[in-house]
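Q: Throw the hints in and build the complete structure from the sequences for me.
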Amino acid sequence: MNEAASVVWVISLPLLGALLATVWRQRAATIGWISSALTAGCAVWLLWVVQHAGVQQLALGGWEIGLGISLYADGLAAVMVLMSSLVVLGCSVYARQYFRAQRQHELFWPLWLLLATALNALFLAGDLFNVYVTLELLGISASALTALGAKRAALRAALRYLVVGLLGSMLYLMAITLLYAAYGTLNAVQIAEALQVNPLGWAALLLMLAGLALKMALFPLHFWLPPAHSNAPAPVSAALSALVVKAAFYLVVRLWFEVFAPLTTPLLANVLGALGAMAVLWGSWSALRAERLKLLAAYSSVAQLGYLVMFFPLLMVLEGEARHWLFGAMVLFALSHAFAKSALFLAAGILMQYAGHDRIRELSGTTQALPLTTFVIALAGIALVGLPPSGAFLGKWYLLDAAFKTGQWWWVLVLVAGSLLATAYVFRLLGHAFGHLPAVKRPIVAATQEMPALALALLATFGLGLGAMSLWSWLAHTGTGAGL
Amino acid sequence: MNLLDGLWGILDLLLVAVLLLLAMAAVLSSDRRRSMMLFIVFGLVLALVWARLHAPDIALAEAAIGAGLGGALLMATLRRDTHQQTDQFPQHPVVLWGAGVLVMVLGTMIAWGLFSVLPTVEQTWRKGAAVDAHLAFSGVSHPVTAVLLNFRAWDTLLELAVLLAAILGIRALGYVRSAYVTEAAFSQLAVWLVPLLILMAGYVLWAGAHSPGGAFQAGALLAGAGILLRLAGYSHAGLPTTRWLVRLGLVAGTGVFLLVGLGLLGWGQGFLHYPVAYAKWWILLIEMLATVSIGMTLTLAFMGGIPQKEAA
Chain A
136 MNEAASVVWV ISLPLLGALL ATVWRQRAAT IGWISSALTA GCAVWLLWVV
186 QHAGVQQLAL GGWEIGLGIS LYADGLAAVM VLMSSLVVLG CSVYARQYFR
236 AQRQHELFWP LWLLLATALN ALFLAGDLFN VYVTLELLGI SASALTALGA
286 KRAALRAALR YLVVGLLGSM LYLMAITLLY AAYGTLNAVQ IAEALQVNPL
336 GWAALLLMLA GLALKMALFP LHFWLPPAHS NAPAPVSAAL SALVVKAAFY
386 LVVRLWFEVF APLTTPLLAN VLGALGAMAV LWGSWSALRA ERLKLLAAYS
436 SVAQLGYLVM FFPLLMVLEG EARHWLFGAM VLFALSHAFA KSALFLAAGI
486 LMQYAGHDRI RELSGTTQAL PLTTFVIALA GIALVGLPPS GAFLGKWYLL
536 DAAFKTGQWW WVLVLVAGSL LATAYVFRLL GHAFGHLPAV KRPIVAATQE
586 MPALALALLA TFGLGLGAMS LWSWLAHTGT GAGL
Chain B
10 MNLLDGLWGI LDLLLVAVLL LLAMAAVLSS DRRRSMMLFI VFGLVLALVW
60 ARLHAPDIAL AEAAIGAGLG GALLMATLRR DTHQQTDQFP QHPVVLWGAG
110 VLVMVLGTMI AWGLFSVLPT VEQTWRKGAA VDAHLAFSGV SHPVTAVLLN
160 FRAWDTLLEL AVLLAAILGI RALGYVRSAY VTEAAFSQLA VWLVPLLILM
210 AGYVLWAGAH SPGGAFQAGA LLAGAGILLR LAGYSHAGLP TTRWLVRLGL
260 VAGTGVFLLV GLGLLGWGQG FLHYPVAYAK WWILLIEMLA TVSIGMTLTL
310 AFMGGIPQKE AA
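Protein sequences, first through last, are from chains A and B. What the first sequence shows, in the numbering used here, is residues 136 to 619, in sequence order. What the second sequence shows, in the numbering used here, is residues 10 to 321, in sequence order.
These aren't lab readings, by the way, just hints derived from the structure by calculation. Just so you know, these numbers come straight off a predicted model, no measurement behind them. Careful: at least some of the hints might be erroneous.
What the hints assert, rightly or not - Taking beta-carbon pairs under 10 Å as the criterion, some of the chain A residues facing chain B (in silico):
{"id": "1", "residue": "Ser147"}
{"id": "2", "residue": "Ala188"}
{"id": "3", "residue": "Val190"}
{"id": "4", "residue": "Leu193"}
{"id": "5", "residue": "Ala194"}
{"id": "6", "residue": "Gly201"}
{"id": "7", "residue": "Leu202"}
{"id": "8", "residue": "Gln239"}
{"id": "9", "residue": "Leu242"}
{"id": "10", "residue": "Leu249"}
{"id": "11", "residue": "Ala256"}
{"id": "12", "residue": "Phe264"}
{"id": "13", "residue": "Glu271"}
{"id": "14", "residue": "Leu283"}
{"id": "15", "residue": "Thr312"}
{"id": "16", "residue": "Ala345"}
Glycine included, every Cβ here is placed at the ideal spot set by N, Cα and C.
A: Right, here's the structure in full:
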């Protein structure tokens with residue numbers, strides 16, 4: 136089979152799985168984890184292909200670019216696909232046990248695999264309208280999965296999530312309409328080549344940024360995230376926080392640095408950075424005050440996305456080698472958060488099944504009862520604070536370095552304050568978990584639930600921290616022009 | 010000729026004005042029922058606007074899906090809601106004015122962007138030139154169908170998956186409560202209309218190869234037949250009584266689309282790359298099953314699933 140087929144298979148496998156799981160309900164869980172495992176295998180294959188055979192561009196249907204749709208896989212896209220496939224695999228193994236003997240499981244698997252399809256299709260899309268379609272699939276499957284929480288609060292959060300997601304998609308769609316009216320193509324590379332600095336370009340850029348900021352919950356548009364992410368079933372929360380907001384961030388990166396490169400200014404980047412800084416402070420502060428573990432994790436996601444946006448003003452002024460390193464650090468930070476946050480949500484799910492609640496104040500004895508789960512929480516905490524050897528440590532280190540080099544020292548203040556707050560909320564959590572109870576029975580927790588959480592947490596800390604160097608060489612595989 | 014153009018111009022202005030007024034009235038009305046009715050009328054006027062823009066495909070889809078099925082779905086929602094108080098719209102003046110200002114800013118921005126390039130657009134590109142040039146190799150002679158099922162087939166495949174996600178999402182919201190009163194008048198109507206609707210769906214599907222029509226419009230007609238049957242008292246609305254057959258129907262369109270795409274990849278043609286000689290037949294096969302899936306999905310969306318009690 137030729138190399139370009141790997142691009143098709145990472146999208147088709149989860150979609151096939153979703154269709155099969157819809158029809159053959161009795162075997163949905165088996166179909167689910169097998170197709171996630173195969174997808175993860177294909178994602179590794181795709182990264183290998185991009186590294187050895189260069190950027191893959193696939194004109195679907197064999198039509199010329201501009202008429203047909205193209206899929207585009209460079210280093211960044213392949214890394215994102217691998218990240219998403221690994222998190223989905225971890226959550227799938229976990230979900231088999233989690234949903235056992237629950238009514239929702241038959242609806243969970245098809246929707247879950249459709250979510251995985253949408254994520255991979257989005258990362259590999261080379262066409263701005265195709266991105267819109269993947270955003271729709273992503274938004275609808277994500278909010279339907281949130282509704283599986285079944286409580287009234289979950290339904291309300293799911294509905295709000297759906298409406299906010301649709302609003303974001305509409306803003307994005309308006310921007311595409313403008314671009315198509317002006318340039319007559321929907322292909323990202325062709326638009327990037329033709330783009331002129333004029334009011335239309337500005338309007339399109341602002342509309343897209345507004346829509347995607349809503350979807351990635353950038354401060355002050357984060358209001359929908361904490362209820363949605365904290366009320367969904369555990370594996371769903373993990374994917375929402377780790378992957379779905381990250382998909383919107385990925386699009387912002389592509390649009391900002393590649394498609395709209397002539398239009399972006401340091402001023403606009405500083406506005407984004409300032410919003411990011413406020414997200415860091417507000418998100419971390421709210422996480423510190425959160426009464427429930429899942430709410431803490433959700434607010435912490437608001438903060439972590441803020442850090443990612445803070446890279447923008449620094450990337451705008453750096454050039455050459457230094458910029459390449461900082462860009463890699465940003466991607467590393469995103470990956471580290473994806474693995475750590477999914478591990479944290481999975482661990483929170485185990486805690487909730489054991490204790491029946493996730494109130495932080497009442498978690499005493501957790502260490503005695505669930506030592507491995509507590510270990511996962513601690514590891515994830517290390518990555519969220521940004522302590523070595525986690526990937527987030529390297530990410531923050533490069534951010535710090537760039538802030539000093541470019542003289543934009545004020546970002547350092549935010550970084551320090553955010554990290555201190557993160558330390559506080561992680562240690563507050565661990566402090567309660569290590570509280571001693573006289574007699575605690577060891578509950579029986581299925582290893583299939585604890586192991587995926589542990590694997591993801593280890594990936595976030597040791598895996599990414601110690602194996603980070605290859606990331607930069609993967610990211611070096613980018614196309615000559617702009618891709619999407 | 011000039012007089013005629015002038016008359017059409019006045020008609021267009023009138024249509025746009027009515028459309029804007031209907032939209033505002035639908036949004037600002039504090040009564041849900043009136044709001045909904047206005048929305049359905051809005052959909053019909055919008056269909057006329059599309060027709061005036063020489064986009065008959067979109068006009069058909071807007072009338073059938075936007076106004077027709079959308080209206081039916083809204084009605085079903087409202088009917089389930091009648092035991093609650095109906096005037097619960099959050100119409101705080103600050104929210105309303107804030108939204109108004111935001112929309113004005115948005116509108117100004119889009120208009121500003123469009124007017125900055127409109128004078129130059131004609132010279133830079135002509136819409137659909139590439140589509141016309143490749144139409145002969147697409148397997149169909151209607152450009153819209155060629156775009157949807159061949160040039161941009163990947164979008165359509167994913168859109169079908171979106172429909173699947175939507176119906177699964179509706180199921181995720183909980184069990185179905187029967188919300189309809191069977192009326193004798195409907196069963197008489199159903200006897201006449203349902204066969205006619207199925208026949209029309211078949212025609213619209215076939216016509217899609219060379220003129221406006223296609224899977225989405227045909228599916229909407231099938232769904233219309235299903236809704237009519239449901240209102241006439243058939244608990245399954247004409248859907249199969251075996252549950253796995255229903256689920257098979259829901260995924261048939263996406264499934265065959267994907268399998269054809271992957272099969273062609275395995276054949277050495279490339280994903281979704283139909284050989285020119287057989288393109289017509291592949292497209293027809295995909296469209297037929299997509300019609301079935303769309304019709305079943307929309308009918309099920311209206312019903313909210315098959316009620317547990319009546320299913321026995």
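Q: Determine for every hint whether it applies to the structure shown.
A: Okay, the hints, checked on the actual structure:
With a least beta-carbon distance of about 6 Å to chain B, the hint placing Ser147 (chain A) at the interface is held under the 10 Å criterion. Here the hint on Ala188 (chain A) is broken, as its CB sits about 17 Å from the closest CB of chain B, past 10 Å. Proximity of Val190 (chain A) to chain B is violated relative to the hint, the smallest CB-CB distance being about 18 Å (cut-off 10 Å). Hint status for Leu193 (chain A) relative to chain B: holds, with the closest Cβ pair at about 7 Å, below 10 Å.
Because the closest C-beta pair between Ala194 (chain A) and chain B is about 8 Å apart, less than 10 Å, the hint holds. With 10 Å as the threshold, the beta carbon of Gly201 (chain A) comes within range of chain B, its nearest partner Cβ sitting at about 6 Å, so the hint holds. Checking Leu202 (chain A) against chain B: minimum C-beta separation of about 5 Å stays under 10 Å; hint holds. With a least beta-carbon distance of about 7 Å to chain B, the hint placing Gln239 (chain A) at the interface is held under the 10 Å criterion.
A hinted interface residue such as Leu242 (chain A) counts as satisfied when its beta carbon comes closer than 10 Å to some beta carbon of chain B; here the least separation is about 5 Å, so the hint holds. Of the supplied interface hints, the one on Leu249 (chain A) holds, with its beta-carbon coming within about 5 Å of a beta-carbon of chain B, less than 10 Å. With its C-beta approaching chain B no nearer than about 6 Å, Ala256 (chain A) sits inside the 10 Å limit, and its interface hint holds. Annotation: Phe264 (chain A) was flagged as interfacial toward chain B, and the flag holds, the nearest CB pair being 7 Å apart, inside 10 Å.
For Glu271 (chain A), the interface hint holds, since its Cβ comes within 10 Å of a Cβ in chain B; the closest pair sits about 5 Å apart. This hint holds: Leu283 (chain A) has a C-beta 5 Å from the nearest C-beta of chain B, less than the 10 Å allowed. Proximity of Thr312 (chain A) to chain B holds as hinted, the smallest CB-CB distance being about 8 Å (cut-off 10 Å). Against a cut-off of 10 Å between C-beta atoms, the interface hint on Ala345 (chain A) holds, since the closest Cβ of chain B lies about 9 Å away.
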